[in-house]
Amino acid sequence: MRLITHNMLSSNIKGVTNGFPLRIQVEKVVEKEVDFNPDFLRNMFAKIEWKALTEASKTLGYADLPEETEPLMLESEEFLRKLHHALLELHLEEGALVCPETGRKFPVNKGIPNMLLHEDEV
Amino acid sequence: MSYKVAKIGLVSSHPEVYDPCDDSFVLVDALLADRVNLAQHQPSICIEIGCGSGYVITSLALILGKEVPHPALYIATDINPYAVTVTRETLEAHGCFADVVNTDITNGFEKRLSKSVDVIVVNPPYVPTPEDEVGCKGITSAWAGGENGRTVIDRILPVAEELLSDKGWLYMVTLAANKPVDLCMEMKQKGFTSRIILQRSTDEESLQVIKFWRDLDTQLEANVGENTKLLQFNPFSFWKRGNQSAPTSCKEKFSLYD
Chain A
1 MRLITHNMLS
11 SNIKGVTNGF
21 PLRIQVEKVV
31 EKEVDFNPDF
41 LRNMFAKIEW
51 KALTEASKTL
61 GYADLPEETE
71 PLMLESEEFL
81 RKLHHALLEL
91 HLEEGALVCP
101 ETGRKFPVNK
111 GIPNMLLHED
121 EV
Chain B
1 MSYKVAKIGL
11 VSSHPEVYDP
21 CDDSFVLVDA
31 LLADRVNLAQ
41 HQPSICIEIG
51 CGSGYVITSL
61 ALILGKEVPH
71 PALYIATDIN
81 PYAVTVTRET
91 LEAHGCFADV
101 VNTDITNGFE
111 KRLSKSVDVI
121 VVNPPYVPTP
131 EDEVGCKGIT
141 SAWAGGENGR
151 TVIDRILPVA
161 EELLSDKGWL
171 YMVTLAANKP
181 VDLCMEMKQK
191 GFTSRIILQR
201 STDEESLQVI
211 KFWRDLDTQL
221 EANVGENTKL
231 LQFNPFSFWK
241 RGNQSAPTSC
251 KEKFSLYD
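Quick mapping for you: the protein sequence lines, in order, are chains A and B. Using my numbering, the letters of the first sequence map in sequence onto residues 1 to 122. Using my numbering, the letters of the second sequence map in sequence onto residues 1 to 258.
To be clear, the hints were calculated from the coordinates, so they are not data collected in a lab. One or more of the hints may lead you astray.
Claimed, not checked - Here are the simulated lysine to aspartate or glutamate pairs, DMTMM-like style, with alpha carbons at most 20 Å apart:
#1 A/Lys110 <-> B/Glu92
#2 A/Lys47 <-> B/Asp104
#3 A/Lys32 <-> B/Glu92
#4 B/Lys111 <-> A/Asp39
#5 A/Lys14 <-> B/Glu162
#6 A/Lys82 <-> A/Asp120
#7 A/Lys110 <-> B/Glu16
#8 B/Lys137 <-> A/Glu121
#9 A/Lys105 <-> A/Asp120
#10 A/Lys47 <-> B/Glu110
#11 A/Lys47 <-> B/Glu162
#12 A/Lys32 <-> B/Glu131
#13 B/Lys7 <-> B/Asp22
#14 B/Lys115 <-> A/Glu121
#15 A/Lys14 <-> B/Glu147
#16 B/Lys167 <-> A/Asp39
#17 B/Lys137 <-> A/Asp120
#18 A/Lys110 <-> B/Asp104
#19 A/Lys105 <-> B/Asp104
#20 A/Lys105 <-> B/Glu110
#21 A/Lys110 <-> B/Glu89
#22 B/Lys179 <-> B/Glu131
#23 A/Lys14 <-> B/Asp104
#24 B/Lys137 <-> A/Glu101
#25 A/Lys28 <-> A/Glu93
#26 A/Lys47 <-> B/Asp166
#27 B/Lys111 <-> A/Glu75
#28 B/Lys4 <-> B/Glu89
#29 B/Lys111 <-> A/Glu49
#30 A/Lys51 <-> A/Glu67
Take the sequences, apply the hints, and build the full model.
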């Protein structure tokens with residue numbers, strides 16, 4: 001699971017008011033190179049919850065993202081490459097996503113999160 | 001390596017996962033037929049709900065990705081835990097990537113992806129079955145559609161309404177038994193226009209691929225009219241291309257409902 005997806009997932013458990021962002025429990029992180037596409041990054045940037053991304057990125061061992069952003073940064077290749085790396089090249093292969101309110105763990109195996117809810121959570 | 005759509009020989013499989021069949025092929029053919037529109041559309045986020053073997057999401061990534069690598073975020077979901085692994089393998093075999101999540105429809109994504117998804121593709125469990133077969137996590141989830149085959153479809157439509165961006169498109173496979181005209185009327189109530197963009201009849205089924213989009217911009221409708229034709233397929237044309245033999249699991253599936 002890449003951080004771009006983590007940034008789009010929240011806990012949907014019944015009764016939870018704010019299930020975003022999910023905390024990350026790391027067991028195995030893998031880095032996989034992907035072609036750099038600045039247009040794609042600029043396109044996605046508006047959708048990203050920045051703080052959730054920087055926190056998640058640090059959890060996965062990459063702390064190079066700036067804490068704050070401003071629009072001019074989208075013109076900087078250096079910034080875009082850092083964004084590219086954090087968003088698209090870090091994979092949580094094994095671990096869990098944790099509901100910030102209930103602590104319930106959603107396991108991640110072979111890079112695939114299991115977000116299925118139990119009957120009493122729906 | 002540059003495939004037009006996913007190659008059957010590279011699609012991974014598992015006994016509990018639905019192999020690509022007529023319905024998968026008709027959806028991919030519809031996407032292929034609409035590829036000019038899709039390229040112009042420049043979707044940022046694409047989701048397949050119920051990815052099964054990964055045949056469709058892989059094909060979509062190939063169709064869209066020809067020009068520029070990874071121009072979009074592809075997400076694939078399935079309730080079946082074996083399907084998500086198989087999908088991942090199929091994507092890898094084709095050099096494609098999508099973020100795959102084991103979840104019920106798009107549970108977990110609704111808040112953050114509200115009004116953000118530009119393309120949704122779905123080949124839902126559309127076969128009319130007893131209600132108690134709906135929602136099992138094994139291979140039955142691939143086809144069990146409850147009364148009129150509409151139980152899961154009826155859960156997908158409001159999700160699509162929530163997730164689709166203003167310019168978003170939904171492509172969905174349906175059976176005549178799902179009453180597609182009623183479906184289109186219901187979506188019209190939600191502000192969606194629709195068109196059957198591909199239709200195919202085999203001995204067993206009459207399948208349609210319906211494309212839905214928000215009724216905001218008449219320009220979009222003009223695009224669909226120019227570049228998309230209503231196509232009728234000879235069911236045997238499939239077996240002529242690419243040396244693919246008819247998947248036996250597909251035949252077995254239909255024989256259950258004879």
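Hints, verified against the model:
Restraint check: the Cα-Cα separation between A/Lys110 and B/Glu92 comes to about 13 Å, which is no more than 20 Å; the hinted pair holds. For the given pair, A/Lys47 sits about 23 Å from B/Asp104 by alpha-carbon distance, which is inconsistent with the 20 Å threshold. Restraint check for A/Lys32 and B/Glu92: the C-alpha separation of about 12 Å stays at or below 20 Å, so the hint holds. Between B/Lys111 and A/Asp39 the alpha-carbon distance is near 25 Å, which puts this suggested pair outside the 20 Å criterion.
Annotation: proposed proximity of A/Lys14 to B/Glu162 holds, straight-line Cα distance about 19 Å (limit 20 Å). A threshold of 20 Å between alpha carbons decides the hint, and for A/Lys82 with A/Asp120 the separation of about 41 Å lies outside it, so the pair is violated. This hinted pair checks out: A/Lys110 and B/Glu16 have alpha carbons roughly 18 Å apart, not beyond 20 Å. Distance check on the hinted pair: B/Lys137 and A/Glu121 sit about 17 Å apart at the alpha-carbon level, within 20 Å; holds.
With a CA separation close to 15 Å, the supplied pair A/Lys105 and A/Asp120 stays within the 20 Å bound. At roughly 14 Å between alpha-carbon atoms, A/Lys47 and B/Glu110 fall within 20 Å of each other, so this suggested pair holds. For the hint linking A/Lys47 to B/Glu162, the alpha-carbon distance of about 16 Å falls within 20 Å, and the restraint holds. For the hint pairing A/Lys32 with B/Glu131, the CA-to-CA distance comes to about 43 Å; that exceeds 20 Å, so the pair is violated.
Using a Cα cut-off of 20 Å, the hinted pair B/Lys7 and B/Asp22 holds, with the two alpha carbons roughly 15 Å apart. Distance hint between B/Lys115 and A/Glu121 is unfulfilled; the C-alpha atoms sit about 25 Å from each other, more than 20 Å. Taking the CA atoms of A/Lys14 and B/Glu147, the gap is about 27 Å. The hint is violated against a cut of 20 Å. Between B/Lys167 and A/Asp39 the alpha-carbon distance is near 19 Å, which keeps this suggested pair within the 20 Å criterion.
Annotation: proposed proximity of B/Lys137 to A/Asp120 holds, straight-line Cα distance about 17 Å (limit 20 Å). For the hint pairing A/Lys110 with B/Asp104, the CA-to-CA distance comes to about 19 Å; that is within 20 Å, so the pair holds. For a cut-off of 20 Å, the pair hint linking A/Lys105 to B/Asp104 stands: about 17 Å separates their Cα positions. Proposed proximity of A/Lys105 and B/Glu110 is supported: the alpha carbons are some 19 Å apart, at most 20 Å.
Of the supplied pair hints, the one linking A/Lys110 and B/Glu89 holds, its CA atoms being roughly 11 Å apart against a limit of 20 Å. With a CA separation close to 18 Å, the supplied pair B/Lys179 and B/Glu131 stays within the 20 Å bound. Only pairs whose Cα atoms come within 20 Å are accepted, and A/Lys14 paired with B/Asp104 is accepted, the gap being roughly 15 Å. Taking the CA atoms of B/Lys137 and A/Glu101, the gap is about 27 Å. The hint is violated against a cut of 20 Å.
Restraint check for A/Lys28 and A/Glu93: the C-alpha separation of about 5 Å stays at or below 20 Å, so the hint holds. The suggested pairing of A/Lys47 with B/Asp166 holds, with an alpha-carbon distance near 15 Å, which does not exceed 20 Å. Annotation: proposed proximity of B/Lys111 to A/Glu75 is violated, straight-line Cα distance about 29 Å (limit 20 Å). With a C-alpha separation of about 18 Å, the suggested pair B/Lys4 and B/Glu89 falls inside the 20 Å cut-off, and the hint holds.
A C-alpha spacing of about 12 Å is found between B/Lys111 and A/Glu49, which places the hinted pair at or below 20 Å, so the restraint holds. Taken as a hint, the A/Lys51 and A/Glu67 pair is honoured in the structure, with Cα atoms around 7 Å apart against an allowance of 20 Å.
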